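Q: Sequence:
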Amino acid sequence: AGDNYSATEDTAIAIAAPGVLTNDTDVENSALTAALVSGPAHGTLVLNANGSFTYTPTANYNGPDSFTYKANDGTADSNVATVTITVAAVNDAPIAANDSYSAAENTPLTIAAPGVLANDTDVENSALTATLVSGPTHGTLVLNANGSFTYTPTANYNGADTFSYKANDGLALSNVAIASITVTAVTVSVPNVVNLTQAAASAAIASAGLTVGTVSTAPSTTVPAGSVISQNPSGGTLVSPGSAVALVVSSGPPPVTLAVDKVVVADGSGTQITSPFSTSAAGELLVAFAGSDGPTSSQTLQVSGAGLSWTLVKRANAQPGTAEIWMAIATNQLSNVTVTSTPTVTGYRQSLVVMLFTGAAGVGASAVASAPSGAPAVSLTTTKAGSFVYGIGFDWDGDIARTLGAGQVMVHEWPIAGSGTFWVQTLLTPVASPGLVQLNDTAPTADRWDFAMVEIVSK
63 AGDNYSATED TAIAIAAPGV LTNDTDVENS ALTAALVSGP AHGTLVLNAN GSFTYTPTAN
123 YNGPDSFTYK ANDGTADSNV ATVTITVAAV NDAPIAANDS YSAAENTPLT IAAPGVLAND
183 TDVENSALTA TLVSGPTHGT LVLNANGSFT YTPTANYNGA DTFSYKANDG LALSNVAIAS
243 ITVTAVTVSV PNVVNLTQAA ASAAIASAGL TVGTVSTAPS TTVPAGSVIS QNPSGGTLVS
303 PGSAVALVVS SGPPPVTLAV DKVVVADGSG TQITSPFSTS AAGELLVAFA GSDGPTSSQT
363 LQVSGAGLSW TLVKRANAQP GTAEIWMAIA TNQLSNVTVT STPTVTGYRQ SLVVMLFTGA
423 AGVGASAVAS APSGAPAVSL TTTKAGSFVY GIGFDWDGDI ARTLGAGQVM VHEWPIAGSG
483 TFWVQTLLTP VASPGLVQLN DTAPTADRWD FAMVEIVSK
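One gets the numbering used here by counting positions in the sequence shown from 1 and adding 62 to each.
Bear in mind the hints are in silico, worked out from the structure with no lab data behind them. Please read all numbers here as calculations on a predicted model, not as lab measurements. Keep in mind that the hints are not guaranteed to be accurate.
Claimed, not checked - Simulated DEER-style distance windows between Cβ atoms: (1) 437 to 371: 35 to 41 Å; (2) 481 to 125: 21 to 27 Å; (3) 504 to 70: 26 to 32 Å; (4) 176 to 66: 40 to 46 Å; (5) 337 to 70: 33 to 39 Å; (6) 70 to 333: 25 to 31 Å; (7) 174 to 99: 20 to 26 Å; (8) 126 to 496: 57 to 63 Å; (9) 123 to 437: 31 to 37 Å; (10) 233 to 66: 46 to 52 Å; (11) 443 to 151: 45 to 51 Å; (12) 447 to 391: 20 to 26 Å.
Said to hold, decoys possible - With a cut-off of at most 25 Å between alpha-carbon atoms, the simulated DSS-like pairs for lysine-lysine come out as follows: (13) 324 to 446; (14) 521 to 324; (15) 446 to 521.
Beta carbons: idealized from backbone N, C-alpha and C, even for Gly.
Put together the whole structure using the sequences plus the hints.
A: Take a look at the structure:
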């Protein structure tokens, strides 16, 4: 006879024996066994002969599903019975992706809606709003709920700045996303005051928004790094006392700022392949943070794709599963490419987060840690000021939301109901100088965990 069961989105159900055979009958009261006729359309099923079964709905699916079976008394099959499973909807938290913007020195930057929400997603396609987590260090910010914002850099500041936010679908908050802003220096035209009177020269300088400082006559006058003083006199050139000598100061190459171009995420079972993406420029650094469930010390991953040569930076798998960091440098600009993470031991959940960095020379220091319990933490000594620090962790035992240490934010977090948790975290700001830094979780647990960490260094 037909059966009806209920399940919850993203959660497997296990029905004990006699299961689907509970309401099936046989005139001779013979022992019955169940045989599958057709499987479900929106999930996977294991139906046992004693009528028990396990049903796992497809990720993020909710709605009706069904499978059919026959009962057998050892001699004959029954009619075909239909088992209906109603999968109840559960809200999925939205996913916020990092953003990058450029602003000019001393000039406000205004970004229209959807602004920071433009690349954020929600499985249920709910309307999203933006909530500020932490403001910028070198300016002021007004972030609106619709994702639009106005950023005003501190007077005369140029360089990197960031703020962080979360997306909200009305029921749940997303991970923390980082908006990076590169404030570019404004080129000032210096007026030519040669042969002008002092009054005329002062007026020209003032009209250009400049001021005259103290003139140094010492032979060790310092010129800013990256500048060149040049003079090309003819042989035998004479300079009379009191006459002017023209020196041309030409600016050096523009500074290179380390920034996040984009973040691409793929979560699911088995081999993971990202959605297609493109780089914004040639020479970008691609770093893949890949984690997988699996047996102790024997689960490993292989990252490939985008036509690049990938190198393993660090692997932490002393506890069950693995947390790994891979890197590749895209010499040329990439267009519509994907990255794949393939496990050695199949049949397990996996998370893949690919981050693209501009202005990066590569990776610096790296480290790993694993433990059977306690608060996840890993440390390294950075090699260069201005570096970014990122880490990937895997909690093998449970779906526990992480509690990050001070000055750290979540890039991506995937708790799996009744299983484990993958996450990628980072320091909120670049390191001020080389030295010891730590990524950590402040809430100790009894769970087993693996944790890998890397320094991203600028050019």
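Q: Hints first: check each against the structure and report whether it holds.
A: Consistency of the hints with the structure:
1. 437 to 371: 35 to 41 Å: Cβ of residue 437 to Cβ of residue 371: about 36 Å, so the range 35 to 41 Å holds.
2. 481 to 125: 21 to 27 Å: Hint holds: Cβ distance 23 Å, inside 21 to 27 Å.
3. 504 to 70: 26 to 32 Å: holds, 30 Å
4. 176 to 66: 40 to 46 Å: The hinted range 40 to 46 Å holds for residue 176 and residue 66, with Cβ atoms some 42 Å apart.
5. 337 to 70: 33 to 39 Å: violated, 27 Å
6. 70 to 333: 25 to 31 Å: Taking Cβ atoms as reference, residue 70 and residue 333 lie about 26 Å apart, which means the hint holds.
7. 174 to 99: 20 to 26 Å: The hint (20 to 26 Å, Cβ to Cβ) is violated, given that residue 174 and residue 99 are roughly 56 Å apart.
8. 126 to 496: 57 to 63 Å: holds, 59 Å
9. 123 to 437: 31 to 37 Å: holds, 35 Å
10. 233 to 66: 46 to 52 Å: violated, 28 Å
11. 443 to 151: 45 to 51 Å: Taking Cβ atoms as reference, residue 443 and residue 151 lie about 48 Å apart, which means the hint holds.
12. 447 to 391: 20 to 26 Å: holds, 22 Å
13. 324 to 446: At roughly 23 Å apart (the allowed maximum being 25 Å), residue 446 and residue 324 satisfy the hint.
14. 521 to 324: holds, 18 Å
15. 446 to 521: Distance ~10 Å between residue 446 and residue 521 Cα, so the pair holds.
The earlier numbered hints that this structure contradicts are 5, 7, 10.
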